[in-house]
Amino acid sequence: MSAPEISRRALLKTSTLGLAGAALALGGVGRAFAAKDLTVGVVYVGARDDFGWNQAHAVAIKALKAVPGVKVVEEENVPETDAVSKSMESMINLDGAGLILATSFGYYTPFVVDLAKKYPDVEFRHAAPLWNKDKDPKNAGSYFGYLNQAHYVDGVAAGLSTKSNKLGFVAAKPIASVLSNINSFLLGARSVNPNATVQVIFTGDWSLPVREAEAANALVDAGCDVVTCHVDGPKVVIETAEKRGAKTCGHNASQAPLAPKGFITGAEYKWETIYKGYAADIAAGKLPPNFIAGGYEADFVRNTPFGAGATPEGQKAALAAIEGLKARKPIYVGPLKDNKGKVVIDKTYDNLDPFLDKMDYLLEGVVGSTT
Amino acid sequence: MSDAPAVTSPAPVLQPAGAEATRSDWVERLRASSEYVAIPVFAVAVASALFALFLLAVGKSPADFIAYVWRGGFGTAFSFQNTLQRSAPLILTALAVAIPARIGLIMIGGEGALVLGGFAAAALAIPMIGVAPPMLTLILMAIFAMLVGGFWVGLSGFLRYARGVNETISSLLLTYIGIAIMNFFVEGALRDLSNPNKPSTKPLGDAYMVGKIPGTDVHWGFAAGVFLCVLLYLLLERTTFGFAARVTGGNYRAALAQGLPVGKLIVTCSAIAGACAGLAGFFEVAAIQGRANASLAAGYGFTGILVAFLARHNPLVIPPVAILFGGIVASGGLIQRRMDLPDATVLVLQGLIFVVLLTSETLYGRFAFFRPRARRDRT
Amino acid sequence: MTAAFVTVLIAMLGGAIRVSTPFMFVALGECLTEKSGRVNLGLEGTLVLGAMVAYAASYHTGSPWIGVLAAGVAGSALGAMHGSICGLPRVNDVAVGIAMMLFGIGLAFFFGKPYIQPTAPRLDSIPLGFFVDDPSLKSALQVNPLFFVGIAIALALAWALRNTRWGLIVRTVGDSAPAALAMGISVNWVRLLTTTVGGFLAGVGGAFLSLSYPGSWNQGLSSGQGLMAVALVIFARWNPIRCVYAAMLFGAAGAIGPSLQSIGITQGYYFFNAAPYILTLAIMIATSSATHAARDMPGELSMAK
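Residue numbers (my numbering), protein chains in the order written: chain A, 1 to 371; chain B, 1 to 379; chain C, 1 to 305.
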């Protein structure tokens, strides 16, 4: 992420605006969906400036603040318990929020779904491809960027930048989006280097810096010469790997400055595409779409500019892969087996196929286990 | 715990002079007990003043802050129910600390018992969903959660008695181990594959959920917590078991010398503690999440430690302290949103309030005003 | 198979050196405090505040050692606050510690926001593995000077507690306040001093986290290490040397999870990751005995009464 750190002065400035607006909302609760006096409530699972997932959202959400008449209220470090349900409800009842953006996976069931039923006049949008148009309330919805496409590109560049053919992946938890990033990274590497394998270490939680550093060290010790990760704040993994002389691929935001010697490229969200679209809808007095998800073909993800660790062949192949993804060239070309030998992907699937959202396996070529 | 009030401080209830307790006795009693209201109120006021200085230093308006604390935590029907709901798990996890404290143990393993209890309840429910009636299922789930939670903290008590293993550290270690056990099953054998983005057990379904207290938006866990506080207060203060436990807490050697069944007392108190935390886990599963997952380890067990100490391990004081806590957290959201402050502001506020509240304990008994006139005359 | 085993062993050696230092500093600080009869459970907050202050100071001054010092000063301030509050009659030290943990973490998170993203100068490690060829071993033997400082402090503390007048005073205050009073010692002053020094050490432990390993400031940095380190003092039975062993054991056990996964033993990683806790508990059960339960415990500790 190229966004500068949030300075104290900026905090102060926005706060005065927030207060001025707050006085207006105390008067009454407006539910009409127009940009005029629309309050958007945003909940984050971590700190807004965590240099990772939450910061990526917070920076992009500034697009909504720019719409005249729209007020954004934000709450950070809201755990995935009834705390989030109460925070969203508080935004509705006390701030008069008409649109809620819930930015963490675990917020959806049961919290967003239940609240959408309870408050049919409020719109809810959640950052994961979970909204089901048959089962879920019509005032709920999903938006998501398929970051696995960018991890695929990482894999292509890494596959041609490795010497040992062993790539390392530090992952938080074996949930579908993480597994999809690991598998796509592998398939990207294999598409250019059939001998490549990916070694996974699960740390067990989203932010455990010491264990992440230990994991990065363990991967390098095991012979991996490229390390990437899917944890909330990738800074520690990237810096540890760089210190050990391994190459790195980033995640969530640009980590290029952290690894001047070994950075290859990194997978980044472009949430601003989605939030700008929302802003345009709101400005035009329209509801944001119920379901919006995509990858390169929709300009929802991108790769960090290449660093010193990327070989010229790797760069060339990665750029070609990006062009392919923009043209919806499939990543998962079936049939594919998992690393226990069972066929898990029977045929070739489109990159946006919901079948792939239910991934609970690691493909053949990945060393690791989901339990 | 040497400073458990019932052991060291004089009995709070004065003996009325014979059967004809006069009106002035009541006034005296009120005056004496008003100390327990006046000093905490004073402490919260001091803490608020300190926090106001902090806000001024970072360029925010203290007046707004006070308005938002009131509005976000207590001032509207929604806010107050929000506060009550947030206090529900804290009441139960605070009991999990307070009960062992009365027998002289510092148990900090409520988090582990909560997580394992909640997980056990969810696991038990899986084969019963759609087969057994909801009421029966829920009752069995609650009992099982209490048994498992009771076992987990009871284990610390047993290790303390039988092997001399320090219960503070063993209960903390068992918490981390308990969370690992839950994660292992939730992400492995018992994982609901239809929920790929948050490893969880199979959902209970709406029919198998604990509802809200009628007329409110607060789940039954709050009522259960308050009920248990009263029940356990009576157990500790009005039964021979409670008396024996307090004697053991006051002087371990004397209890042994008197032939009290110290081992049984320790294990029983620990198990009761674990059962309270396990019940909190049950409500997290059956009233909130509808399934067991990593969100059970939300830190309620650790917050409960502070609540218990602030309530000086008196079960009857736990609910008001937990409600204060819930109110601060509930209003913390509004403060973040309206004043655009980071969430850490709430942590600073909590820290300040609780440090000042605890410091204020030194003031008890220092003001003549609160002393009953009779006693003042005597001295 | 042997190669894999060696990989795990080297990882554990590296873990013992890399991960143990913050545990060591916090445990030593708490050991000193508890020796004087006071418990400061708030060192988790001190650790986190120390980590933030160290990173910020290093970022602004360009000198990581100034960061270490600043962390120590911040830790002393929290320690002095705890020490003076608990000097008042009827105030419970355990509870104040927990409240101060929230306060310390709150301050660190509040003022630490602008330092999550920038890169500050880190502490350099000493390459003690210059004589070996194996890159893993070479890396495991990259030792931060603070590791040796911690060991030196442990030795000095153990010696001073046993052999100096100051040590005698601290131990007397910790074992029996009336006896100390009879000797004309100000119990509260001694405890204020030991808590302040304890806070200083815990702050330095935090500096290690943010300036050496993992070497970055963010809100998840400690994740309970300070709390665990305080518990390790009980495990080490109030002996500074054993605090070092306990910290190294904990660090080594923490490396088991990731390294087993790296050699392909991946099933059940949650339990491997919980190895430090399981191992500590097992050792405690094996080595404790009901009759000698509180033999080494300072008599004035609130948990001893």
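Since the hints were made in silico from the structure, they are not lab data. Hints may be right or wrong, so weigh each one.
Among chain B residues calculated to face chain A with C-beta under 8 angstroms, some are [to be verified]:
no. : residue
1   : E187
2   : G290
3   : L334
Since the model is a prediction, treat every value here as computed from it, not as a measurement. Yeah, the Cβ is synthetic: ideal placement off N, Cα and C, and Gly gets one too.
Problem - List of violated hint numbers, smallest to largest - result: Those not satisfied: there are none.
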